[in-house]
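Novice: Here's the letter readout for the chains.
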Amino acid sequence: MWSFLLVRILQSLATVAVAVVLIFISIRLLPGNPALARFGQHSVPARVTAEMAQQGWDRPILAQLIDLPGELLRGDLGVSFFHGDQVAARLTETIPATLELSITAILLAVPLGICAGVASALWRGSWPDYAAMTFALLGVSVPVFFLGICLMTIFTNMPTSGRVAPTMISQFHTDFFLCEAILTGRFALALDALRHLLLPAVALATIPAAVISRITRSSMLEVLSSDYLRTAKAKGATLGRIVWRHALPNASVPIVNIAGFQVGMLLSGAVLTETVFNWPGMGRYLVTAVREQDYAVVQGGALVIAAMFVTANLLLDIAYLWLDPRIRTQS
Amino acid sequence: MRSLLFCLIVSTFLGCGGPALPSNILIYGRGDDADRLDPIHTDIGESVTVMCNIYDTLVTYDEETLDLVPSLAESWSTSDDGLEWTFHLRKGVTFHDGTPLDADAVLFSLERLTVPMHPFVFDQVIPYVQSFEAIESVSAVDPLTVKVRLKRPTAAFLTTMAMFPASIVSPTAVKKYEGEFWKHPVGTGPFQFDSWNVNQQLTLLAFDDHWRGRPEIDGVIFLPVGESAVRVKQLLRGEIDIADNLPPAEIDSLSKNPEVIVQEKEGMNTGYLTMNNDKAPLDDQRIREAIWYAIDRDQLIKSAYSGHATKAVTLVPPTLWGSHSDLTDRDYDPAKAKQLLAAAAADGVPMPIRLQLFVMTDPRPYMQQPRQTAIFIKDSLAKVGIETEIVTNQNSQHFRRMTRGEHQLGLAGWTADMPDPDNFLYTLLDLDNINDVGGNNMSRYRSQKVHDLLAQAKVEMNQEKRAELYREAQEEIFADAPLVPLVHTSVRNVQSKAVSGYLLHPSSLTRLRLTKLAK
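Residue numbers (our numbering), protein chains in the order written: chain A, 1 to 331; chain B, 1 to 519.
Note that these hints are calculated values from the structure, not bench results.
Heads up, some of the hints might be wrong.
To be verified - According to the in silico footprint, chain A covers these stretches of chain B (three or more CB under 8 Å from chain A):
| id | segment |
| --- | --- |
| 1 | 27 to 40 |
| 2 | 196 to 204 |
| 3 | 480 to 487 |
We treat Cβ as the ideally placed atom computed from N, Cα and C, and that holds for glycine.
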């Protein structure tokens, strides 16, 4: 088992390294010159050249690539062309907002998706099944963007933008607003943060909840038709015991698989959700950077997302090991 | 993580965060965030919106018109040869950090803008440096008198001094924050900088000791909200007090809502269709005129601007002195267009004509719906037999490619940096401004006569004579038809009923000193 883990960790590191190189090269091969975007219509060749030299973007790609590992180890992701500040520092500021949003979305999506899937499988062909599957179909087909606007229109008393009311932002020391407000016992602030968090989290949770419910349904249907459950039913086990004690644990591997994958996908979903709800997280930071052609930010953000995605997958594999003894044995 | 824990523990014991903001705060929702708050280092409109409330200039515009009035300079005079300008500063003005305003501060600010490799310039990006290149030297005569020496007489010099890059900054703050000054701006303006959470919110608080008196409101929070549909919802729910830069259709529907107030003022901008005069068949004047005749601009205004624009005949907007808007226009006349094309064909211009039309992706104030405008032009030209292919590029790439002259037709426009016809005619149509890097004469129009007139107007100090020169230049330009002026758009803003005293200014500067909030 340990060797399996070691191999997976090494594979993950290699994947991140390949992603880093690909992102690095592709950003540099983009047409145009990043300094020009900064200078806009007032560009003068000498100044563009000076800016490129100052940022080190004028050196050969290979030389820049050789320096990259050292820079990454120092936590240096470069300087934003547009805002002129350290990309690593800005990412560190924005990641807490994305984490708060994504974790809330996961906490909503996983139980909701599993419950809908289980209900759908248990009452197959009846109204709960149709309702859950209609919800799932809508969930995967309605764009987050549109859903966000719909939610704002429906819930007219909920805030539409930001993490707290603008006049309250000075009340926070850290970037984990909700956690900080709860831990410091400022419940009015926590309530405000929660109200701001709810609509974007629901919008973000919809796709993963829908996907998880569909997978749960099919996985549960397969397990429910197995012999050992028929035996359990014959022996008079209650429905609750059959579902939660016997069926669900055995149906859980594909569910964990898809749930883990969805956690990775949440990061890309967060880009749209954060844009619609003006949520000051990493996703919105990157969207703005793409619009401003701020290549250093795009590169840094892409690296972080790649690393987070690979980490999520690694944790998923570890979860498999824990859940399924067969994998442990094989590995 | 350790710092997070530390902060949590500290804040648990202290029981609170930073000081609470006062209640009478205006919330200003807009599409984007500022970039840098150092006046010499930016040309981004969102930064200017903030900075014109933090800093003052020596001269400024009147509250409602484009007339120049005293600001930090109480009075000024110029030498007979127009080469030397003397500014007498206002007494008793202080910066937000307590530094007194004196001639040294003005000298410091203007030298940062004009002296190459100034020791207190930490970023080489000075977008407006060209606008101030006529300044030869600046000197302090006494603590409240500053003398500016010019390389040549410059008629628009005083107007240039009202531009935001000439804002007066606190030398103490620049020396203290060095390369980080743009994050900690200190001026003498009505509002002082409080905090900036990038892409989240930027907060200014009223400056109690402002020389014109404390602003009516306690402060303003600038909130960047990218989606205009969300800004509309926020305004209707009272989450923001002013919504900036909304699309025309949104403003039209809001204008019917009794809960909000829509302000409208004629802007100082021009949207136009540039035609690359260097490329065949657009090097033939008849083809350019035919294109002009083929576009029904009245209809374009209805379909792409919801009627909130005026038809342009010349580049200089009618709101600006020196505009020759009474030129006899080339009215929409497709038959005439076909005639001109036929005449050109008879002289050997190959037919049918196929042209590429360059279009930007994101709207600009003068081109609020670029895609719709492009489709309208494509259809209009198709009716007279010109085929058009629409080529869409991201905004900076669009202008970049057109500056290099890669286009045949292209959507373009200009919002004035300063209220002077020179800023439209010289910038957009002079032969000095044809180059691959930042030359704004994207039509590549070369007229020695127009160049001579514009050069003469630049150094003529009498405004009436200048206006006459500009009128003559506009007649020449109209006759040559190097581009098709399309529209001058209105500046529109939407605010909640709680906001009063905020006036849209024709310069498009957002000045919030007199704004009141009934909350």
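Novice: Does each hint hold? Answer for all of them.
Specialist: Comparing the hints with the structure gives:
{"no.": "1", "hint": "27 to 40", "verdict": "holds (count 5)"}
{"no.": "2", "hint": "196 to 204", "verdict": "holds (count 6)"}
{"no.": "3", "hint": "480 to 487", "verdict": "violated (count 0)"}
Going down the numbered hints, you'll see the structure goes against just number 3.
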